[in-house]
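Novice: First to last, the protein sequences are chains Z, W and L.
Using full-length UniProt numbering, the letters of the first sequence map in sequence onto residues 1 to 342.
Using full-length UniProt numbering, the letters of the second sequence map in sequence onto residues 1 to 440.
Using full-length UniProt numbering, the letters of the third sequence map in sequence onto residues 1 to 386.
Simulated from the structure, these hints should not be mistaken for laboratory data.
The C-beta atom is built at its ideal place from N, Cα and C for all residues, glycine as well.
Treat each hint with caution, since some may be false.
Covered stretches of chain Z (chain W as the covering partner; in silico rule of three or more C-beta atoms under 8 Å from a C-beta of chain W) [to be verified]: (1) 8 to 18; (2) 113 to 121; (3) 143 to 151; (4) 156 to 168; (5) 233 to 246.
Straight-line distance between alpha carbons at most 16 Å, and here's what the computed EDC-like set of lysine to aspartate or glutamate pairs gives [claimed, not checked]: (6) L:K86 / W:D90; (7) L:K99 / Z:D18; (8) W:K100 / W:D90; (9) W:K132 / L:E213.
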Amino acid sequence: MSEPLLSVSDLETQFHTDAGTVFAVDGVSFDVDHGETVAIVGESGSGKTVTSESITSILDTPPGEIVGGTITFDGMDLTTLSETALQDVRGKRISHIFQNPQNGLNPVYTVGRQIGEAIRIHDHGDPEVPVQRQVVDLLDKTGIPEASARVDDYPHEFSGGMKQRVLIAMALACDPDLLIADEPTTALDVTIQGQILRLLEDLQAEHDMGIIFVTHDLGVVSEIADRVVVMYAGKVMETGTVEDIFRNPSHPYTRALMDCLPGRGGSMDRIEGSLPDVTDPPAGCRFSPRCEHATEACRSGDQPPLWGVDNGDTHEASCVYYDAEHDEGELAGGEGATGGHQ
Amino acid sequence: MSKQIVNTESNAAESLMRVDGLKKHYPITEGVLRTEVGRVRAVDGVSFEVRAGETLGIVGESGCGKSTVAESVLRLTDPTAGSVYFDGEDVTAYDDTALKRFRREAQMIFQNPDSSFDPRMTTGESVAEPLKIHGVGPRSRRLEIARDLLERVGMSGEDAARYPHELSGGQKQRVALARALVVNPRLIVADEPVSALDVSVQAEVLTLLNDIQAEFNLGVLFISHDMGVVREVCDRVAVMYLGEIVEMGRTEDVFNDPEHPYTRALLRSIPTVGVESRGTDAGLRGEVPPPSDPPTGCNFHTRCPEVIQPDGYDFEQAHWRGVMNLRVAVERHGVDVAGLRAFVGVEDDASVSPADADAMKAELRREHDIPETLTDPSAEATLEAALDDIVRGDVEDGRAVLAEEFETVCEGESPPLDEDGTGRPTACHRDGAAAPGGDD
Amino acid sequence: MAAEDADTATFEDIDWDAQGISTLGVSRAGLAELLSYLGLIAAFVYDYTWNTGPLVFRWDVLSVEWLFIGTLIAIVFHAVIPLSQKPRLRAFYWQRFKKNQVAVVALGWLAVMFVVGVLGPLLIDPPTTQFTNQSVPPVGMSTTVGGVVKTGTWQYPLGTSAKGQGILTLVVYGMRVSMEVGLIATIFSVIIGSAVGAVAAFATSVGRGRIDELLMRYVDVQSVFPDFMLLLLLTYLFGSELWMIILLFGFFSWEGIARTVRGEALQRASEEYITAAEASGANMLYIVRQHLIPNSANSIIISATVGIPGFILGEASLAFLGFSDPTTYSWGRTIATGQVNLASAWWIATIPGVFLFLTVLSFYYVGESLRDAMDPRQEVDGGGGL
Chain Z
1 MSEPLLSVSD LETQFHTDAG TVFAVDGVSF DVDHGETVAI VGESGSGKTV TSESITSILD
61 TPPGEIVGGT ITFDGMDLTT LSETALQDVR GKRISHIFQN PQNGLNPVYT VGRQIGEAIR
121 IHDHGDPEVP VQRQVVDLLD KTGIPEASAR VDDYPHEFSG GMKQRVLIAM ALACDPDLLI
181 ADEPTTALDV TIQGQILRLL EDLQAEHDMG IIFVTHDLGV VSEIADRVVV MYAGKVMETG
241 TVEDIFRNPS HPYTRALMDC LPGRGGSMDR IEGSLPDVTD PPAGCRFSPR CEHATEACRS
301 GDQPPLWGVD NGDTHEASCV YYDAEHDEGE LAGGEGATGG HQ
Chain W
1 MSKQIVNTES NAAESLMRVD GLKKHYPITE GVLRTEVGRV RAVDGVSFEV RAGETLGIVG
61 ESGCGKSTVA ESVLRLTDPT AGSVYFDGED VTAYDDTALK RFRREAQMIF QNPDSSFDPR
121 MTTGESVAEP LKIHGVGPRS RRLEIARDLL ERVGMSGEDA ARYPHELSGG QKQRVALARA
181 LVVNPRLIVA DEPVSALDVS VQAEVLTLLN DIQAEFNLGV LFISHDMGVV REVCDRVAVM
241 YLGEIVEMGR TEDVFNDPEH PYTRALLRSI PTVGVESRGT DAGLRGEVPP PSDPPTGCNF
301 HTRCPEVIQP DGYDFEQAHW RGVMNLRVAV ERHGVDVAGL RAFVGVEDDA SVSPADADAM
361 KAELRREHDI PETLTDPSAE ATLEAALDDI VRGDVEDGRA VLAEEFETVC EGESPPLDED
421 GTGRPTACHR DGAAAPGGDD
Chain L
1 MAAEDADTAT FEDIDWDAQG ISTLGVSRAG LAELLSYLGL IAAFVYDYTW NTGPLVFRWD
61 VLSVEWLFIG TLIAIVFHAV IPLSQKPRLR AFYWQRFKKN QVAVVALGWL AVMFVVGVLG
121 PLLIDPPTTQ FTNQSVPPVG MSTTVGGVVK TGTWQYPLGT SAKGQGILTL VVYGMRVSME
181 VGLIATIFSV IIGSAVGAVA AFATSVGRGR IDELLMRYVD VQSVFPDFML LLLLTYLFGS
241 ELWMIILLFG FFSWEGIART VRGEALQRAS EEYITAAEAS GANMLYIVRQ HLIPNSANSI
301 IISATVGIPG FILGEASLAF LGFSDPTTYS WGRTIATGQV NLASAWWIAT IPGVFLFLTV
361 LSFYYVGESL RDAMDPRQEV DGGGGL
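If we strip away everything but chain Z, and leave its shape as in the complex, we get:
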């Protein structure tokens, strides 16, 4: 098997605050391949956004600091690159789109000019074709109707969904190998969300991009992801293909998360307790204080390693119940979520 496009290994990112050190990302590993969508899913405070921002070091330092691990992208370790080299990677190889499309556009320039700028800066595209033409093509590609009439419009003349399309067009201007999308549809209406997800899928197929899709919404994950990383309090709880996660959710946290989704028609469970203190995480499994299956073994030592589930090589859960020496039947047979909700 060839090298993956991006390989994050044992990433540790901390924030140094007045209240103490926040262990925002604490030993996270995953790979992303060309043409593959990896969803990082978790609730607020899980460290999913910090993980995505650590990749190209766009997090605020200080207070943030990447203290350990490697991020290998195309043979380079991004954690050791200089700021100049990183800027090059950010502009030309890895693009970001964010939750709030308002913040990504400069209100005083036309969208055409801003996309044109992106093309010129990354000096990408065919020098034979006028930039204006390339801009219209990009807008057209992202599904903006009457693209040629709208290049001269200002950002405020676009709706939220259209702005997100413009930002996707800007992200595509450098033809990136990897697109990091942080909750790109959360601020949008559900009917528009579907359109954007489909657009991302189409563009991914066309450009053979890897996509890291950060979201809190399991529904969106099941729509777009190839592989899923479930995070909780800075740790990976479970990882697997989208089929693994949704047909056979294995970590008690993943199951609990699925059981508390509203509107499945059945009863809505809740996760007792609250998120752990990020400056002083609990011993053992981070989820153990809220886990109904937790035993003494769960509450001491470190977070359990990612054990293989059902002998599959794609599906792993960080839970003692999947330790080869542990009797697996106890948890798997318990009540809880089953695959294929609704």
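Using the hints, position chains W and L against chain Z.
Specialist: Same frame as chain Z, now just chains W and L:
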């Protein structure tokens, strides 16, 4: 099924709040003299009622006017037209004293837990504030009541001394509920109360809301964009689109057998958890038109996948939608012929060669999801004629041809919110008729 | 549904019909404040109509001092009492304020200036002209002035002026003047600025945008008006009594506070807790008093603190230019009189100059640190952003 309506009418005595023909328009003004040049029709004639012990959900996308409904029924904003009856009295006619009494009996919970508390007040003070406003005293008694209530919504009495920034989002929404309850209201308007919360926290806040509603027999008006949440807590649901209610009924009925094409599309748009249904297309193109310039006829006809076909033609429904896309574009904002010419590389003044014209027509069809040829030959001939007009630059001629030949009832008449078909109030010309092509 | 529970009060027990609808209640602190002002006014009237001798013991209260006492009452009721009632809030602000150690030192300096400035003139006799002790240098130094060798003594630790006035006494009396100028002018600009800003914002929120327009355009005009020229003209025409200079400062420098309050109030007015209070039946007056003003207070305090050194410097400049009340011992005037002797008696102008410099600098540092500690935008820091 019309019996049900009669029943509803005779139950009017039990209804806690009845909203009748509510409209809220915001004028768009221009110049120093502030002359009105247009109106944003945020809410354009909605009627519903909330009974004691019942949760009515109002669901819709952003900009559909659901939050304006919430503000209007509490008279936080004065409606342009229509009436709001609380206990049979018209709230819009209340004087200051009566309004103050009404605002004790109807309370509100807000979306954003971060901004719904004064950062300088402890939670105890915030919960006790409505008591202070209504002249309950002294301070020690108010705080005692607040502490008692905080315990009843699952907080501890000590939390009364904490400041909002020391609480989590879910805790803040519990406190918000306590603040709403403290004046012993009969109606609670909850505007997206869980949208800002994590899913694992949503469940506990919704459960609490349900429990409290049962305990105090409250009427709840629940505003949300989230169909899942609405399904979880609402007894009845009203679906809003562009300032109007398009469908209203019991929650199970609306979810299991949605009658309005918009409701159907909305339900299809929710990403379902599970990989089986992956890739289903909601079939909804384009965006919500601006409420300052709503479409004629049925508001939804510019996006409706089930828009009714004109008499005398036989389209595939998807193709007809494509033709409607073109029509909507021509009617509402015109076609950018210059852009099309640039696309095929024709100079500004040069005449269009037949080959270029074909390329431009093909591009127009592609953009609006119209196939290369329509199955109905007479429809194809009409469309081709109109496209010829458009690529020649005679957009107006093309528009006229399309408008005359492909006229649909959906753009001509506004459908009434009546009970044809399933017996549920639905505003659609298809009421009672089956959806074309089955369920999708 | 009235649940009977003898021990704890619950909301079900409230008899709503028995509750008054009016909200025009005045709190106890508000009443005490009002009484204090009334007492002050009564004393003022008494002093100016019947009383001929000194009012209290040997202290004959001057016009500026009446204003100063009023200012102190306002500070006690709006800063000291609220802070003493909220230990947690006080601890929170102190925690953040003390991060800036220079500002802590500056605050200490200002505290000394304030206490000495307020109490000193009550205990020390005013400086007197003594031609026997002209231009004595500070203690431990000797110098030759006009051919006479003079050595500093402990009688005048900081030396004397050309008129034989003790520099220390002049400095202490100057502290009083600086505190009076800084605080009174600030209180006036805060009162006017807050009122104009709040009315402008309120007018906009009730759809009377034109009042807002009018007020804010006036603010624009005043902010570009050359008020220093006007000051010079007025003091030239009507004499340069300290109270007049202070009031002129106050009346011509509230634009910034008006803009701040307006912006702050407009922004706060859209917060959900304001709507929540409104939806609970609160009227506009209640919302302005309970939510808008307390939450704009931080911005007001910050811009007020930043404004104080400007007033002190302004008064010193006027005094230096000769526009000053001959009966007040302003630092500016001492510096002005001392500058002619700068070559022979450097201490006369320099020592008050150092005090002026340190005081102004301290106000800047304290203002900066207050901004860091109280900036509402940084207030919510629940560890978000993860």
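Novice: A separate judgement is required for each hint: does it hold in the structure or not?
Specialist: So, going through the hints one by one against the coordinates:
Counting residues of the region 8 to 18 of chain Z whose beta-carbon sits less than 8 Å from any beta-carbon of chain W gives 0, not enough to reach three: the coverage restraint is violated. Figure legend: the region 113 to 121 of chain Z, annotated as covered by chain W; annotation inconsistent (0 residues with Cβ-Cβ distances under 8 Å, at least 3 required). Check on the region 143 to 151 of chain Z: 5 of its residues sit with their Cβ under 8 Å from a Cβ of chain W, so the three-residue criterion for coverage holds. As drawn, the region 156 to 168 of chain Z meets chain W at 4 residues by the rule of a beta-carbon pair under 8 Å; at three or more, the given contact holds.
Given as covered by chain W, the region 233 to 246 of chain Z passes the check, having 3 residues with a CB less than 8 Å from a CB of that chain where 3 are the minimum. Between the alpha carbons of L:K86 and W:D90 the distance comes to roughly 44 Å, so the proposed pair goes past 16 Å and is violated. About 11 Å separates the Cα atoms of L:K99 and Z:D18, which keeps this hinted pair within 16 Å; it holds. Between W:K100 and W:D90 the alpha-carbon distance is near 14 Å, which keeps this suggested pair within the 16 Å criterion.
With a C-alpha separation of about 35 Å, the suggested pair W:K132 and L:E213 falls outside the 16 Å cut-off, and the hint is violated.
Hints 1, 2, 6 and 9 from the earlier list are contradicted by this structure; the remaining hints agree with it.
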